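**Q** Residues per chain, in single letters:
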Amino acid sequence: MTTEVCFIQEKCRSRQFWLLLALGGLVFMGTLYAFFTLEHHGHVLTGMNNQIVWGLPHVFAVFLIVAASGVLNVASIGSVFGRKIYKARAPLSGALALAVLAGGLAVLVLDLGRPDRLIVAMTHYNFKSIFALNMIFYNGFFAIVGLYLVALMDKKLKPYSRPVGFMAFFWRLALTTATGSIFGFLVARAGYNSALYAPMFVIYSFAYGLAIFCVVQSVMYWWNHRTLDEAVLRRIKHLLAIFVGASLYFTAVLHLTNLYFAKQWDFERFLLLEGGIYPLLFWGGQVFLGGVLPLLILFHPDSAKSMLAVTLAALLVIIGGHAQMYVTIVGGQAFPLDLFPGYAEASSFFDGQVHAYSPSGWEMLLGMGGMAFTFVVTTAMVRAFNFMPEDDFKDLEGKEH
Amino acid sequence: MSDRRDFLKTSAKTGAVVAGVSLAPGVLFYGIAQGRAPEEAASDKRRYGMLIDTTKCGDGCRECVSACNTENGLSGKTGPQDSQWIRKVEIENLQTGAQHELPVMCQHCENPPCVDVCPTGASMRRADGIVLVDRHICIGCRYCMMACPYKARSFVHEPLHDQNPEVPRGKGCVEACTFCVQRVDRDESPACVDACQKSGHQAMVFGDLNDPASAVSQAMKAHASTEIRADLGLHTAVRYQGI
Chain Z
1 MTTEVCFIQE
11 KCRSRQFWLL
21 LALGGLVFMG
31 TLYAFFTLEH
41 HGHVLTGMNN
51 QIVWGLPHVF
61 AVFLIVAASG
71 VLNVASIGSV
81 FGRKIYKARA
91 PLSGALALAV
101 LAGGLAVLVL
111 DLGRPDRLIV
121 AMTHYNFKSI
131 FALNMIFYNG
141 FFAIVGLYLV
151 ALMDKKLKPY
161 SRPVGFMAFF
171 WRLALTTATG
181 SIFGFLVARA
191 GYNSALYAPM
201 FVIYSFAYGL
211 AIFCVVQSVM
221 YWWNHRTLDE
231 AVLRRIKHLL
241 AIFVGASLYF
251 TAVLHLTNLY
261 FAKQWDFERF
271 LLLEGGIYPL
281 LFWGGQVFLG
291 GVLPLLILFH
301 PDSAKSMLAV
311 TLAALLVIIG
321 GHAQMYVTIV
331 GGQAFPLDLF
341 PGYAEASSFF
351 DGQVHAYSPS
361 GWEMLLGMGG
371 MAFTFVVTTA
381 MVRAFNFMPE
391 DDFKDLEGKE
401 H
Chain L
1001 MSDRRDFLKT
1011 SAKTGAVVAG
1021 VSLAPGVLFY
1031 GIAQGRAPEE
1041 AASDKRRYGM
1051 LIDTTKCGDG
1061 CRECVSACNT
1071 ENGLSGKTGP
1081 QDSQWIRKVE
1091 IENLQTGAQH
1101 ELPVMCQHCE
1111 NPPCVDVCPT
1121 GASMRRADGI
1131 VLVDRHICIG
1141 CRYCMMACPY
1151 KARSFVHEPL
1161 HDQNPEVPRG
1171 KGCVEACTFC
1181 VQRVDRDESP
1191 ACVDACQKSG
1201 HQAMVFGDLN
1211 DPASAVSQAM
1221 KAHASTEIRA
1231 DLGLHTAVRY
1241 QGI
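Protein chains in written order, with our numbering: chain Z, 1 to 401; chain L, 1001 to 1243.
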């Protein structure tokens, strides 16, 4: 009998594995079809326009990029802060972080007006541009986390895992700071232009990344018919709750600050009350589904014993995260730029109007490609390598909390 | 022998005279026109700028917009995905009810946010202050459009045909007003300014801000003018009078 490429041979379940791979592959094929269609016909087929220049693909892409650095947090808590239950999860955390980042970047690249010029983006750098710095951070993330993974998985290199882990931790903080700054540095738009975006995106990344990690970990445990120890579950659950709470706090501070500035009132009224889809996604998606409901689930006394409850909370955080990105990215552009403060404005270029955006199916296909790519890579990785967390239960007793 | 030498001398003299007669006007004309030779780089000795008098800008007049579209090969369509390099904006003061109409295009900032954010350096500011997009290295990320406070930039959403050879444009790239750089390099005014003059409104004055004797410098010195969103500190090359 031929041996399957599968780390735990007795639990290969090849049919299901290939089925999952085919499913992810099919979605990604759809993404590639959308990409080539848009490459040929142009962005005229999308709902994006000269007012809403970043749309649905960016919502998916930025979510994944922000989440990627957060996924690595699990490894960082192990390597940097020396927590053993997180150390056991460091290889999965590192590998998953790379897969998630690759998925996000894939969407970003496929949506470029000139994706054929990717080599230009890699060879021409304007170092004043936070976007260019992000490219360096993304590439560096692959290199450093790749090294970190090697150090974790090679017994001879194990001693190096701590210093490389430190480096990866600081690098990921810089990366998310830079990603948040993409929005924070937009001086003229009412929805952005705040230094708060940098730390807020770091906090969002903690929550989104841990949520993705929780879901993947749960699926792995179910797949292998194993149960996550209650002590481990409790700690991860508490951590997720802290990150979700902190995300809500930063969101509240951003909007309360804006509400204090008279010049921001119109924007806040638009985003929080009168802007149609945006207040709905903000209150219903970001705050309730992605914040309040997960907190209620996570703080419910019974959830400490239920991997299903924690996974459900994590899934809600992921849904809320997408709502947040839609509100931040599309909502921020839908509100018109104020060229003449104190004046009503009108023109053939839609000055002074709330900008409409109806995403097309092509954008949806393009956006879903990031998740599909991450899914395929993760499925293949966890099958071929030993990423299943192995807890030493002696470590769980007593002192660690 | 001497006949041959005389012949050569006469030929050389005649040649020099012919060459002088045929080249001198060109050199002289070039000197007068002060247009740049194609191989000569733009210089920071000049900074091109524009003053727009909103009190002279005609109600409902779109001459500048039409001239821009013709000069730069734009379709003139005004859908959400169509390029508009210059547009007429109607504004009304919310307190006083005062109304104005004015053209808005790339303001050619001294500190342009589009140049700051562009990852590849495709968005760039020429030495003479004209802000341009290098179509060879624009990757179509649209970050400059997010950053521009004036909504001055457009993204080319579909393939283009029958372009003006002097103004190359392309699907997937970002574009904006170039001050009609192809005309400026021939020492002509941008198409919108010419059209405004011809229409009789004479609301736009263009020229070298570094030359105190230029019409635009004189006009800016004589009249109070302001930048759009002066609070941002971008020091735009386009200024407005009457708002």
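No lab work stands behind these hints: they were computed from the structure. Quantities reported herein were computed from a predicted structural model and do not represent experimental measurements. It is possible that some hints are incorrect.
Coverage of chain Z stretches by chain L, computed from C-beta distances (three or more under 8 Å per stretch; other residues unrestricted) [said to hold, decoys possible]:
{"id": "1", "segment": "36 to 43"}
{"id": "2", "segment": "120 to 130"}
{"id": "3", "segment": "181 to 190"}
{"id": "4", "segment": "236 to 249"}
Here are the simulated distance ranges between beta carbons [what the hints assert, rightly or not]:
{"id": "5", "chain 1": "L", "residue 1": "A1215", "chain 2": "Z", "residue 2": "D116", "range": "41 to 49 Å"}
{"id": "6", "chain 1": "L", "residue 1": "R1186", "chain 2": "Z", "residue 2": "F166", "range": "55 to 63 Å"}
{"id": "7", "chain 1": "Z", "residue 1": "N139", "chain 2": "L", "residue 2": "D1134", "range": "22 to 30 Å"}
{"id": "8", "chain 1": "L", "residue 1": "A1224", "chain 2": "Z", "residue 2": "K263", "range": "20 to 28 Å"}
{"id": "9", "chain 1": "L", "residue 1": "V1167", "chain 2": "Z", "residue 2": "F385", "range": "25 to 33 Å"}
Partial pick of chain L residues on the chain Z-facing surface, computed with a CB cut under 8 Å [said to hold, decoys possible]:
{"id": "10", "residue": "C1061"}
{"id": "11", "residue": "N1093"}
{"id": "12", "residue": "P1113"}
{"id": "13", "residue": "G1121"}
{"id": "14", "residue": "A1147"}
{"id": "15", "residue": "V1181"}
{"id": "16", "residue": "R1183"}
{"id": "17", "residue": "L1209"}
No residue lacks a Cβ here, since even glycine has one placed at the ideal position from N, Cα and C.
**Q** It remains to establish, for every hint, whether it holds in the given structure.
**A** Consistency of the hints with the structure:
| no. | hint | in the structure |
| --- | --- | --- |
| 1 | 36 to 43 | holds (count 3) |
| 2 | 120 to 130 | holds (count 8) |
| 3 | 181 to 190 | holds (count 6) |
| 4 | 236 to 249 | violated (count 0) |
| 5 | L:A1215 - Z:D116: 41 to 49 Å | holds, 45 Å |
| 6 | L:R1186 - Z:F166: 55 to 63 Å | holds, 60 Å |
| 7 | Z:N139 - L:D1134: 22 to 30 Å | holds, 23 Å |
| 8 | L:A1224 - Z:K263: 20 to 28 Å | holds, 24 Å |
| 9 | L:V1167 - Z:F385: 25 to 33 Å | violated, 54 Å |
| 10 | C1061 | violated, 13 Å |
| 11 | N1093 | holds, 6 Å |
| 12 | P1113 | holds, 6 Å |
| 13 | G1121 | holds, 4 Å |
| 14 | A1147 | holds, 6 Å |
| 15 | V1181 | violated, 21 Å |
| 16 | R1183 | violated, 23 Å |
| 17 | L1209 | violated, 22 Å |
In summary, the structure is inconsistent with hints 4, 9, 10, 15, 16 and 17 from the numbered list given earlier, while agreeing with the others.
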